[in-house]
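Protein sequences, first through last, are from chains A and Z.
In this text, residue positions in the first sequence follow our numbering: the first is 1, and each later residue adds one.
In this text, residue positions in the second sequence follow our numbering: the first is 1, and each later residue adds one.
I should point out that these hints are in silico values taken from the structure, not numbers from a laboratory.
Owing to the predicted nature of the structure, the values given are computational and were not obtained by experimental measurement.
Watch out, some of these pointers could steer you wrong.
Said to hold, decoys possible - A few chain Z residues facing chain A, derived, Cβ under 10 Å:
#1 R95
#2 L99
#3 G235
#4 F247
#5 T269
#6 L271
#7 Y293
Said to hold, decoys possible - If the Cβ cut is set under 7 Å, some of the chain A residues that face chain Z in the computed set are:
#8 Y19
#9 T253
#10 A265
#11 T269
#12 Q278
No residue lacks a Cβ here, since even glycine has one placed at the ideal position from N, Cα and C.
2 protein chains.
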Amino acid sequence: MVEEVSNKQVIFKGYINGYPKESDMILKTSTIKLKVPEGCSDAVLVKNLYLSCDPYMRSRMTKTDHNYVPIFTPAQPMSGEGVGKVVDSSHPDFRKGDLVAGITEWEEYSLIKSTAFIRKIDEQAGVPLSYHLGILGMPGLTAYVGFYEISSPKEGETVFVSAASGAVGQLVGQFAKLSGCYVVGSAGTKHKVDLLKTKFGFDDAFNYKEEADLDAALKRHFRGGIDIYFDNVGGKMLDAVLPNMNFNGRIATCGMISQYNLTEAEGVTNLFYIMAKQIRMQGFLCYYYRHLYPKLFDLVVPLLKQGNIAYVEDVAQGLETAPAALLGLFSGRNVGKQLVRLASV
Amino acid sequence: MVEEVSNKQVIFKGYINGYPKESDMILKTSTIKLKVPEGCSDAVLVKNLYLSCDPYMRSRMTKTDHNYVPIFTPAQPMSGEGVGKVVDSSHPDFRKGDLVAGITEWEEYSLIKSTAFIRKIDEQAGVPLSYHLGILGMPGLTAYVGFYEISSPKEGETVFVSAASGAVGQLVGQFAKLSGCYVVGSAGTKHKVDLLKTKFGFDDAFNYKEEADLDAALKRHFRGGIDIYFDNVGGKMLDAVLPNMNFNGRIATCGMISQYNLTEAEGVTNLFYIMAKQIRMQGFLCYYYRHLYPKLFDLVVPLLKQGNIAYVEDVAQGLETAPAALLGLFSGRNVGKQLVRLASV
Chain A
1 MVEEVSNKQV IFKGYINGYP KESDMILKTS TIKLKVPEGC SDAVLVKNLY
51 LSCDPYMRSR MTKTDHNYVP IFTPAQPMSG EGVGKVVDSS HPDFRKGDLV
101 AGITEWEEYS LIKSTAFIRK IDEQAGVPLS YHLGILGMPG LTAYVGFYEI
151 SSPKEGETVF VSAASGAVGQ LVGQFAKLSG CYVVGSAGTK HKVDLLKTKF
201 GFDDAFNYKE EADLDAALKR HFRGGIDIYF DNVGGKMLDA VLPNMNFNGR
251 IATCGMISQY NLTEAEGVTN LFYIMAKQIR MQGFLCYYYR HLYPKLFDLV
301 VPLLKQGNIA YVEDVAQGLE TAPAALLGLF SGRNVGKQLV RLASV
Chain Z
1 MVEEVSNKQV IFKGYINGYP KESDMILKTS TIKLKVPEGC SDAVLVKNLY
51 LSCDPYMRSR MTKTDHNYVP IFTPAQPMSG EGVGKVVDSS HPDFRKGDLV
101 AGITEWEEYS LIKSTAFIRK IDEQAGVPLS YHLGILGMPG LTAYVGFYEI
151 SSPKEGETVF VSAASGAVGQ LVGQFAKLSG CYVVGSAGTK HKVDLLKTKF
201 GFDDAFNYKE EADLDAALKR HFRGGIDIYF DNVGGKMLDA VLPNMNFNGR
251 IATCGMISQY NLTEAEGVTN LFYIMAKQIR MQGFLCYYYR HLYPKLFDLV
301 VPLLKQGNIA YVEDVAQGLE TAPAALLGLF SGRNVGKQLV RLASV
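The shape of chain A in the complex, shown without the other chains:
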């Protein structure tokens, strides 16, 4: 007799435009059998312990002709990265009790029908489980790729990071310091600005919401110009950065969170500088750099063990808080990597 249990879920209501609202997601309780069904040969059934809230998820909530990640299915649970514990498995590489990270659904228990996008967590590494959704997960890989692979950093160069206290930005700043760069970050509250300077070791930081003139703010912080811009926001900040870039500068286009909820994107007017300053502006998606996870681990795990790298998380408690936690990303309510904790190991 297979045990059937209650399973709270966060259901995606339907496609939206503009800012998402909590009511675009619905809490529901269904039931689930704690066993991989017959006929599923590459599946695991997991108890979800942590879920990850990430800005890219916004693009999964709108149906367009340019979705770059699969869109959500209306009336089905939201999905995203998570950490879980295997309850049952039909794949020989995964056993009951294993801890895994990867694509799961927003519910207490998930049947993951393909193991292609989950990875086993090495508990020997001795890092907090949630870090596999942050510094050792997609945000960590994103920071690693965008800084080391895309930005061609050199010692002594100047680096600007927007959304700098976020899941990715806080790591970019620390990588920049490790590379001997001068790094300044922008964020949206005094608390975040303080964190950048005291916790993450940025050389300086500013609150972009308090700057009437972003160009002037950048000129104040970069008298000698910007060599590398790690762009998490796009829009007005990108437009202000372009004239402040140095000759042969690089822009790593990681995200454009300032634009995701606009029905019409803001126009960027300063692209002239791409030519005039020989700038290289390059987009990247960490999905296509998954082969670099081992390099990320080789870099970061020793730093974590030595206490030489910090990672700040913002952990909401309980599945029912997940919709608000996701929405908080777009108003900047989160401080650091936004997670939702569902259960203990």
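Mind docking chain Z on chain A? Use the hints.
Frame of chain A; chain Z shown alone:
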């Protein structure tokens, strides 16, 4: 006794905004002694034979905080690339009668006080003199660098070129065909579109002025998307191209002629695709790739001798036509590389 002769000049009146007018340049006749003055040890005095009209010259007519080439000096002659014959020289490498190409002034005779930016023309190459301002000059180098060094072309890829019949574009299209690419160009008249297809071997071409919907025009010509965009124009065309780029596409940002005469640049709204499609958008200035002139010559001179590459010039006659010839670039009046012929060898 040094011969003193009359010297017609085109004088830059003063800094402007918006579209340049003929009256921003003044014809004047002064006199000049046909001898390098005492004390000038690195100078040549040349009789100018051809002058080059290039879009970048527009940016020399406005004083901003972002000039990427030296601005013109009011009340002094316009300057730019030219071909001339040495009348007198104080530098051992240049002798009377030598033909040279490089930075000169818009006048019949010029005293060039430094030979740093002029190069001796090898008459043995057997190509028309004017080609040293086009296919073998700055436009040729620009096309070479932007295509081979910046765009990473691969056989079978699709290439889109804007301002495709211009001094640079016509070569990019031919380089793309030599590399086994599929290439489409845009231009602003039926005559130019015909030239692209019949003279330069583009696979297809369209008149952007007759397309109400640039996105639709691009979709019609690139059903499988665009791998490489060689951007000479910026603005609305760039915005339309971005959603039509393929994953891992490259944009060589060569120029933004659609924007040079606007007091406020058009906003580009589709930069989201830079991230979502992992696009690399890279600016370049041929000045910083001068060391590649020999590679350009090695590629192009044999092709010219075999008749396997075409180059179309638009030659205005007489110094007094130079202002109108320059202005024609911004209304698309020129067909091919715009030159002004002053005198015969």
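Now the hints, each set against the structure:
no.	hint	in the structure
1	R95	violated, 36 Å
2	L99	violated, 31 Å
3	G235	holds, 9 Å
4	F247	holds, 9 Å
5	T269	holds, 4 Å
6	L271	holds, 6 Å
7	Y293	violated, 18 Å
8	Y19	violated, 17 Å
9	T253	holds, 5 Å
10	A265	holds, 4 Å
11	T269	holds, 4 Å
12	Q278	holds, 5 Å
Comparing the model with each numbered hint stated earlier shows that hints 1, 2, 7 and 8 do not hold.
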